Amino acid sequence: MHAAVAPDGRLVVFSTRPGRDGTELLQSASDDGIRWSDPALIRAPVDWGMGAPVLTRDGEVHFFITKARTEGARRFIDVWHARSFEARRRWTEPQRIFAGYVGALMGAVELSSGRILVPFAYGDLDRGWSTPVEGFDAFTYRGQHTTTVFYSDDGGP
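Residues 1 to 157 (the numbering used here) make up the sequence shown, in order.
By construction, these hints were calculated from the structure, which means they are not laboratory data. Just to be clear, a hint being listed does not mean it is correct.
[Unchecked claim] Here are the in silico distance ranges between beta carbons for each label pair:
(1) S152 <-> E71: 25 to 35 angstroms
(2) S113 <-> I34: 33 to 43 angstroms
(3) F85 <-> L117: 16 to 26 angstroms
(4) R74 <-> W36: 36 to 46 angstroms
Only a predicted model underlies this, so the values are computations on that prediction, with no experimental measurement involved. In this text, a Cβ means the ideal position worked out from N, Cα and C, and glycines have one as well.
From just these sequences and the hints, can you work out the full model?
Pasting the structure below:
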């Protein structure tokens, strides 16, 4: 569950929950947390994973979501992005913004400049016991693991 305060002072809560038709990413808001509005839903395929929302200064939400995929025997976890509009009443269709193997989304934040940052960790799984390397890298058999960040200065991907 993720909570934030909207520019109009309303409390906004986001959570993910499994549903019959897949994971539902929902958002609801209320005044002072006393009366809650009906949740707004984003329907997604059953293999959606963790999410990292950020409520931006314009009152809209950017949701960064992981999604598993396979290509033959190889597994991947990609990052997708969806954005609310019309005061969080409607959502864009999720778009893939990173293809690879993401191990963790580490949150999302909007800086005072308006830049959106999403730190994440990913793995380079092309290296392992079957493709050995020399030196210090030889000690890690699962591939190289890297932490980096997405950023946007124009309101999203």
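Going through the hints against the structure:
no., hint, result
1, S152 <-> E71: 25 to 35 angstroms, "holds, 28 angstroms"
2, S113 <-> I34: 33 to 43 angstroms, "holds, 34 angstroms"
3, F85 <-> L117: 16 to 26 angstroms, "holds, 21 angstroms"
4, R74 <-> W36: 36 to 46 angstroms, "holds, 43 angstroms"
The structure fails none of the hints (numbered hints given earlier).
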